[in-house]
Amino acid sequence: MSYGPKPWMQTHWDLRAAMNFILGGTGTGLLLAAVLAAPPAWRWVLAAGMALIAAGLGAVWLETGRKLRAINVLFNARTSWMTREAYVAVVVFALGLAALALGRAPLAQAAALAALGFVYCQGRILFAAKGIPAWRTKGVVALIVATALAEGGGLFVAAAAWALGEPPTLWLVVFALALIARAAAWSRYRSRLGAGAARLTLEPSGRILVYAGTATPLALLAIGLLLPALAPGADFLAGLAALAAGWRLKFVLVRRAAYNQGFSLPQLPVRGGH
Amino acid sequence: MTRWAMIADLRRCVGCQTCTAACKHANSTPPDVQWRRVLDMEVGEYPAVQRAFVPVGCMHCADPPCMHVCPSTATRQRADGIVTIDYDLCIGCAYCAVACPYQARYKTDHPSFAYGEAMPSEQQGADPRRIGVATKCTFCADRIDAGLAQGMVPGVDPDATPACVNSCIAKALHFGDADNPESNISQLLAENQHFRMHEELGTEPGFYYLWDKRR
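Those sequence lines, one after another, are chains A and B.
Numbers 135 to 408, taken from the numbering used here, label the letters of the first sequence in order.
Numbers 22 to 236, taken from the numbering used here, label the letters of the second sequence in order.
Isolated chain A (complex conformation) (with noise of 0.2 angstroms):
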């Protein structure tokens, strides 16, 4: 069997794994997102995002081949940032069901935080895995809790539009700052990633998240802060196309940018000189 030097695509972790990423990234936006809503709305998005969490931790625990051994997932705080995701997201529905419960906001404010936390783990999760060049390069950490909130703000934004017409400026203005903080952090995290099959598969989606994810929705916020009479359908938009160029390059970061190390040899054998 000859695998050669050239990397090759890991199989390990699929779009179950991905969804953990896409969905857990958005729930925290979300929860974010929630310390801006008054209420009571501010319980509907609490509880949304932490649905969200919770779809993909259950799809990441799907991909597990032990899954009634799911407990032991908590055995290593000391150095795995699964061990430490798992227990920040413990954290994370405690004070949010908490909050619902209660009704209380700083609650949910405490959950909010305690998300933020649960998608850093993501970011380190990913950049612990130096079997993948694309992982574990500068920037992933940044670029994965960027993208949580922008993604989260955009449903948020698209939510809001939907349901209200025309969300507060602030809250455009936060999400536009999302925006342009996922912009920044992919520009970074690009300029670090090095040649190879893995940028020649992200730039596509690198390019979809400029232009259609941030340009294109900046762009509909200032035509609804221009003309209101435009503003429920353009700022439902900017929303969606920010949740959608997110989504799509975080899947291809965890799925088709994934390639493993491969193989090299820095000498090759000198022959007939033993």
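Quick caveat, the hints were computed from the structure, so don't treat them as lab data.
Check each hint, because a few of them may be wrong.
One side only, chain B facing chain A, incomplete, derived with CB under 10 angstroms [stated by the list, open to error]:
| id | residue |
| --- | --- |
| 1 | H89 |
| 2 | S93 |
| 3 | A100 |
| 4 | D109 |
| 5 | A118 |
| 6 | Y123 |
| 7 | D148 |
| 8 | I152 |
| 9 | V154 |
| 10 | A184 |
| 11 | C189 |
| 12 | T224 |
| 13 | L231 |
Derived SDA-like pairs: lysine to any residue, alpha-carbon spacing no greater than 20 angstroms straight-line [as the list claims (entries may be wrong)]:
| id | chain 1 | residue 1 | chain 2 | residue 2 |
| --- | --- | --- | --- | --- |
| 14 | A | K140 | B | Q71 |
| 15 | A | K140 | B | E66 |
| 16 | A | K201 | B | V174 |
| 17 | A | K140 | B | H219 |
| 18 | B | K234 | A | L402 |
| 19 | A | K140 | A | L402 |
| 20 | A | K140 | B | E63 |
| 21 | A | K140 | B | K192 |
| 22 | A | K140 | A | L334 |
| 23 | B | K192 | B | R72 |
| 24 | B | K234 | B | V35 |
| 25 | A | K140 | B | G65 |
| 26 | A | K272 | A | K201 |
| 27 | A | K201 | B | P132 |
| 28 | A | K140 | A | L399 |
| 29 | B | K192 | B | Q208 |
| 30 | A | K140 | B | V70 |
| 31 | A | K140 | B | R72 |
On a predicted model such as this, the values are computed, not experimentally measured, just so you know.
Using N, Cα and C, we set each Cβ at its ideal position, and we do this for glycine too.
Using the hints provided, position chain B relative to the given structure of chain A.
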């Protein structure tokens, strides 16, 4: 201290895959799972083409990324450097597999056999604990431990030496204690130029490749 390590002499390996077969025989790994495999690499362009046969597998790193990421502590490191997997703890998340820069880990979700149904030898060697969890080369730790208990020297006495090393027809594979300056592999390392795969990643593999005499 003891630090078990392996050497592959790239000048000697002929790519016969006997080590791969011996490993499969000794460890009853299913089809498509090769804890010890041999890469057939062609490097360069015509007419300056070179071919190298490169045995690979778990490198039993001194700083193993698979162990650090493992959420269940199933992956551990013995005092002698051998990286192990506790099949009863592993949840099969495959995080270790993506963290390993050497593509040394496998996960088999369902029992599989070479000819569909299990042959008698496969039935004998089948271990249900290996289904749905990560598996990899163990450096034949059971042979090492059993041999040491009988006063044998791993890497010297065949009964205490990994199956792949025993089987090598070209004496390309060697095993021994890297911390003992008198050991067989310490001497080989002293006499030859060598490298470790992906050394820049800082994993400090316990698997060395010889490529030329020390000059």
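Going down the list of hints, with the structure as the test:
1. Hint on H89 of chain B holds. Least Cβ distance to chain A is approximately 4 angstroms, under the 10 angstroms limit.
2. For S93 of chain B, the shortest C-beta to C-beta distance to chain A is roughly 4 angstroms, which falls under 10 angstroms, so the interface hint holds.
3. The beta carbon of A100 of chain B is not positioned within 10 angstroms of any beta carbon in chain A (closest approach about 18 angstroms), and the interface hint is therefore violated.
4. For D109 of chain B, the suggested interface contact is upheld, since its CB lies about 9 angstroms from the closest CB of chain A, less than 10 angstroms.
5. The beta carbon of A118 of chain B is positioned within 10 angstroms of a beta carbon in chain A (closest approach about 4 angstroms), and the interface hint is therefore held.
6. About 7 angstroms separates the beta-carbon of Y123 of chain B from the nearest beta-carbon of chain A, less than 10 angstroms, and the hint is met.
7. Taking 10 angstroms as the C-beta contact cut-off toward chain A, the hint placing D148 of chain B at the interface is violated, the least distance being around 14 angstroms.
8. Given the 10 angstroms rule on beta carbons, the hint for I152 of chain B holds: about 7 angstroms separates it from the nearest Cβ of chain A.
9. With a least beta-carbon distance of about 6 angstroms to chain A, the hint placing V154 of chain B at the interface is held under the 10 angstroms criterion.
10. Taken as an interface hint, A184 of chain B does not check out: its beta carbon lies about 18 angstroms from the nearest beta carbon of chain A, beyond 10 angstroms.
11. Interface restraint check: C189 of chain B against chain A, minimum CB-CB distance 15 angstroms, threshold 10 angstroms, status violated.
12. Because the closest C-beta pair between T224 of chain B and chain A is about 7 angstroms apart, less than 10 angstroms, the hint holds.
13. For L231 of chain B, the suggested interface contact is upheld, since its CB lies about 8 angstroms from the closest CB of chain A, less than 10 angstroms.
14. Restraint check for K140 of chain A and Q71 of chain B: satisfied, since their Cα atoms lie roughly 16 angstroms apart, inside the 20 angstroms limit.
15. Of the supplied pair hints, the one linking K140 of chain A and E66 of chain B holds, its CA atoms being roughly 15 angstroms apart against a limit of 20 angstroms.
16. Annotation: proposed proximity of K201 of chain A to V174 of chain B is violated, straight-line Cα distance about 41 angstroms (limit 20 angstroms).
17. A distance of roughly 14 angstroms separates the Cα atoms of K140 of chain A and H219 of chain B; the hinted pair therefore holds under the 20 angstroms criterion.
18. Distance check on the hinted pair: K234 of chain B and L402 of chain A sit about 12 angstroms apart at the alpha-carbon level, within 20 angstroms; holds.
19. A hinted pair counts as satisfied when its Cα atoms are at most 20 angstroms apart, and K140 of chain A with L402 of chain A qualifies at roughly 16 angstroms.
20. Of the supplied pair hints, the one linking K140 of chain A and E63 of chain B holds, its CA atoms being roughly 11 angstroms apart against a limit of 20 angstroms.
21. At roughly 27 angstroms between alpha-carbon atoms, K140 of chain A and K192 of chain B are farther apart than 20 angstroms, so this suggested pair is violated.
22. Using a Cα cut-off of 20 angstroms, the hinted pair K140 of chain A and L334 of chain A holds, with the two alpha carbons roughly 15 angstroms apart.
23. The hinted pair formed by K192 of chain B and R72 of chain B meets the criterion: a straight-line CA distance of about 19 angstroms does not exceed 20 angstroms.
24. A distance of roughly 18 angstroms separates the Cα atoms of K234 of chain B and V35 of chain B; the hinted pair therefore holds under the 20 angstroms criterion.
25. At roughly 13 angstroms between alpha-carbon atoms, K140 of chain A and G65 of chain B fall within 20 angstroms of each other, so this suggested pair holds.
26. Proximity of K272 of chain A to K201 of chain A is assessed by CA-CA distance (about 32 angstroms); at most 20 angstroms being required, the pair is judged violated.
27. A threshold of 20 angstroms between alpha carbons decides the hint, and for K201 of chain A with P132 of chain B the separation of about 17 angstroms falls inside it, so the pair holds.
28. In summary, the hint linking K140 of chain A to L399 of chain A is supported, as the alpha carbons are separated by about 11 angstroms, within the 20 angstroms threshold.
29. A hinted pair counts as satisfied when its Cα atoms are at most 20 angstroms apart, and K192 of chain B with Q208 of chain B qualifies at roughly 15 angstroms.
30. Pair hint K140 of chain A plus V70 of chain B holds up; C-alpha atoms about 16 angstroms apart against a cutoff of 20 angstroms.
31. Taking the CA atoms of K140 of chain A and R72 of chain B, the gap is about 15 angstroms. The hint holds against a cut of 20 angstroms.
Violated hints for the displayed structure, listed by number in ascending order: 3, 7, 10, 11, 16, 21 and 26.
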